[in-house]
Amino acid sequence: MTISTIGDSQRTAAKVAGFSGLFAVAIVVFANYGLLNPLVVPGDAAETARNIVAHERQLRLTVTCFLIYGAVVVVLLTALYVILKPVNPGLALVGAFFRLVFALLWLLTTFNLLSALRLLGSASYLQVFEADRLQALARLDLAANFDAYYVGLPFFGLAATVCSYLWFKSNYIPRALAAFGVISSAWCVICAFVFLIFPNFNKTVNDYWFDSPMAIFEMVLSFWLLFKGLRPSEIAEPVPARS
1 MTISTIGDSQ
11 RTAAKVAGFS
21 GLFAVAIVVF
31 ANYGLLNPLV
41 VPGDAAETAR
51 NIVAHERQLR
61 LTVTCFLIYG
71 AVVVVLLTAL
81 YVILKPVNPG
91 LALVGAFFRL
101 VFALLWLLTT
111 FNLLSALRLL
121 GSASYLQVFE
131 ADRLQALARL
141 DLAANFDAYY
151 VGLPFFGLAA
161 TVCSYLWFKS
171 NYIPRALAAF
181 GVISSAWCVI
191 CAFVFLIFPN
201 FNKTVNDYWF
211 DSPMAIFEMV
221 LSFWLLFKGL
231 RPSEIAEPVP
241 ARS
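Numbering (our numbering), first residue to last: 1 to 243.
Everything labelled a hint here was simulated from the structure, so no lab data went into it.
Fair warning: this is a prediction, and the values are worked out from it, not measured in the lab.
Each hint should be verified, as a subset may be incorrect.
[As the list claims (entries may be wrong)] Dumping the calculated DSS-like pairs for lysine-lysine here, alpha-carbon to alpha-carbon at most 30 Å:
{"id": "1", "residue 1": "Lys15", "residue 2": "Lys85"}
{"id": "2", "residue 1": "Lys85", "residue 2": "Lys203"}
{"id": "3", "residue 1": "Lys203", "residue 2": "Lys15"}
{"id": "4", "residue 1": "Lys169", "residue 2": "Lys85"}
{"id": "5", "residue 1": "Lys228", "residue 2": "Lys169"}
{"id": "6", "residue 1": "Lys169", "residue 2": "Lys15"}
[What the hints assert, rightly or not] Quick list of simulated restraints, FRET-style, between CB atoms:
{"id": "7", "residue 1": "Ala46", "residue 2": "Gly7", "range": "39 to 49 Å"}
{"id": "8", "residue 1": "Val25", "residue 2": "Asn206", "range": "40 to 50 Å"}
{"id": "9", "residue 1": "Ala54", "residue 2": "Leu91", "range": "45 to 55 Å"}
{"id": "10", "residue 1": "Thr5", "residue 2": "His55", "range": "25 to 35 Å"}
{"id": "11", "residue 1": "Leu93", "residue 2": "Phe23", "range": "36 to 46 Å"}
{"id": "12", "residue 1": "Val74", "residue 2": "Asn37", "range": "19 to 29 Å"}
Ideal Cβ positions, reconstructed from N, Cα and C, are used throughout, including at glycine.
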């Protein structure tokens with residue numbers, strides 16, 4: 001027979017997952033493109049440093065947004081685990097751990113941003129360094145965010161791949177959507193690993209094509225969970241052996 005009952009905890013977790021998924025996207029996009037990117041001048045460490053010093057509060061707000069994003073990802077992975085555990089507890093746990101690693105690596109960006117601020121500060125021990133050297137080091141810390149993201153991206157993609165497989169198996173969401181999730185997230189994992197091995201790969205395939213299909217899936221999934229909820233599952237339940 002099939003398992004058709006969806007528990008109240010799963011229904012609640014679906015709403016939490018839907019909201020947290022959309023909120024995570026909103027806050028990270030705002031932090032990156034609304035707060036951080038306007039401060040960075042490509043190819044000009046000195047001008048970037050002047051922007052950071054002049055808009056320190058803006059950079060600190062970026063740090064706060066990144067911390068909130070990390071916390072929201074933890075909420076999201078917990079909700080997804082609650083939903084998908086009845087499908088396959090082991091795989092649901094693996095998916096949660098992969099997403100947790102991504103969240104932890106993302107938090108490295110907050111240390112990089114705070115380090116850049118410290119290098120451009122007025123502490124007396126910084127006086128032994130030339131201004132242009134400090135500016136270059138601060139710019140290096142900002143550039144390290146790029147590396148932290150692409151080291152974490154395979155874990156994000158693996159988490160999404162595992163969860164998408166469980167979505168497909170469970171029938172909690174339309175299988176066409178789940179299949180798109182499997183394909184788009186597996187594509188992201190492949191691109192991320194190839195890029196780490198061949199750093200010029202992004203000249204063949206634009207960076208945005210690495211994770212954009214998976215991001216679209218995550219957003220559509222979040223809307224579905226928030227407004228549609230979970231459908232009855234079609235997971236086969238073992239039939240008890242007769243004595």
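Against the structure, the hints:
1. Lys15 - Lys85: holds (16 Å)
2. Lys85 - Lys203: Distance ~40 Å between lysine 85 and lysine 203 Cα, so the pair is violated.
3. Lys203 - Lys15: violated (39 Å)
4. Lys169 - Lys85: Between lysine 169 and lysine 85 the Cα gap is close to 12 Å, so the pair holds against 30 Å.
5. Lys228 - Lys169: holds (18 Å)
6. Lys169 - Lys15: holds (20 Å)
7. Ala46 - Gly7: 39 to 49 Å: Cβ of alanine 46 to Cβ of glycine 7: about 58 Å, so the range 39 to 49 Å is violated.
8. Val25 - Asn206: 40 to 50 Å: violated (20 Å)
9. Ala54 - Leu91: 45 to 55 Å: Between alanine 54 and leucine 91, where Cβ atoms are some 49 Å apart, the hint holds.
10. Thr5 - His55: 25 to 35 Å: violated (53 Å)
11. Leu93 - Phe23: 36 to 46 Å: At roughly 24 Å between Cβ atoms, phenylalanine 23 and leucine 93 fall outside 36 to 46 Å, so the hint is violated.
12. Val74 - Asn37: 19 to 29 Å: holds (25 Å)
Checked against the numbered hints given earlier, the structure breaks hints 2, 3, 7, 8, 10, 11 and satisfies all the rest.
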